[in-house]
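Enquirer: Let the hints inform the model, and build the full structure from the sequences given.
Same order as they appear, the protein sequences are chains X and P.
Position one of the first sequence corresponds to residue 3 (our numbering), numbered consecutively onward.
Position one of the second sequence corresponds to residue 313 (our numbering), numbered consecutively onward.
No lab work stands behind these hints: they were computed from the structure.
All clues stand as given, with none of them false.
Listing some non-contacts, in silico: residues in chain P with all C-beta distances to chain X over 10 Å:
#, residue
1, Phe336
2, Glu525
3, Leu536
What follows is a set of in silico ranges between Cβ atoms, one per label pair, in the way DEER data are often shown:
#, chain 1, residue 1, chain 2, residue 2, range
4, X, Ser66, P, Asp329, 51 to 59 Å
5, P, His527, X, Arg38, 54 to 62 Å
6, X, Asp56, P, Ile396, 22 to 30 Å
7, X, Asp56, P, His527, 29 to 37 Å
8, P, Ser333, X, Glu132, 20 to 28 Å
Remember, it's a predicted structure, so these values are computed and weren't measured experimentally.
By construction, the Cβ of each residue, glycine as well, lies at the ideal position given by its N, Cα and C atoms.
Next come the chains, spelled out residue by residue.
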Amino acid sequence: MKKRVRKFEGHFICRPFFSDELFADLEENTSKSLARIRTKRRYQKNDTVVSAGDVPDFIFILNSGQARLSVTNGINSVTNLRLVKKDEILGLNEVLANSFCEMNVETVTICEFDCVRRRDFLDLLSREPEICYRLLNLLGLRTQQIYETFSSVSF
Amino acid sequence: MKVLNSLKIEHKCEDCDIRESNFFCDLRDSNLKIFESLKITNAYPKGSTLFMQGQQSNGVYILCQGRVKLSTGSKDGKVIILHIAEPGEILGLSSTITQSTHIATAEVLEPCQVNFVKAAEFLFFLQSNAEACLSAVRQLSQNYQTAYLQICSLGLSSSVADKLAMLFLGWCKASGNPHDSEHIKISYTHEEIGQMIGTSRETVTRLLKEFKERHLISLKGSDLLIHDKKALEDSIGTRTKSR
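Expert: This is the structure:
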């Protein structure tokens, strides 16, 4: 029997992280520190940004263009999940938890991403309580939400 | 240092030799001293409850020793075990940060030492201390990841057999053993395993028997042997729905 991809439906339940929730209206010094470690990368159409199974070395923020999330299901089968939204942060949780990506990120059109190297991002968090505390609040809220969803799905 | 039954209570974090690098309290000396001034050390016997689902959070519980079961219940009495917390973890973290009610009930599985910190003091500590805050962020990220994977595997997978296989594979992953086979000492009853995957004790017993017949596992007392992790993984999604 063909393997199912239902397990990835969980992705639709989890609300993505957006850069304005985390990085908007920071104090000037924190904002400058962030700007120093943020670099821009351009990808051509159909490029792979992240592959499932990789431990990402960067967090990515989509600035422009269209990219999609997909899962590899078996040897040749790929299931597209959804398009990435503008300003969506990709790889945040994987960078924090040092875990591997569950999904592929591929460009549909030419895309520009803001990238922050894992080491630099963690270093920034350990130096700047403002951004670290903001991330803590965001994660706290999302964790509460996901457990509430979990209860409604499970019972 | 006091001794409560088999539990040696460490009152001073500075002298604590239980602390490991993944513990929340693995902080620099200066930060550890501040944390030390905030925490209240308690010991709890097996079966006691640290907090209840729906109760307003009044602080965090940092587990130093022992294990704690986190479970959530429905109105009709069904219980699902969300997580078994191990030493070093912070319990009640997300509800304290969001200043909301607990999403789970925390019940002591084996005698525990717990350091309690009041919500306001803990939040102030994190706000002014990036090192501790990052440590809490990492833990929350793990919690979030765990919840996400639970939704994927428990809430939406198609059969109970798949859920049980995924639970076993999760235990294998946690052990970090790279070999094809895995030996696991199970300290849970069939009922508790059922609560972890949202099914009855009877179904767990039946599925374990079925897994044995399919030569996926061997089970002798509390010793579980998974013969081939890949074969167990491949079995997921190949079975019809059973509840």
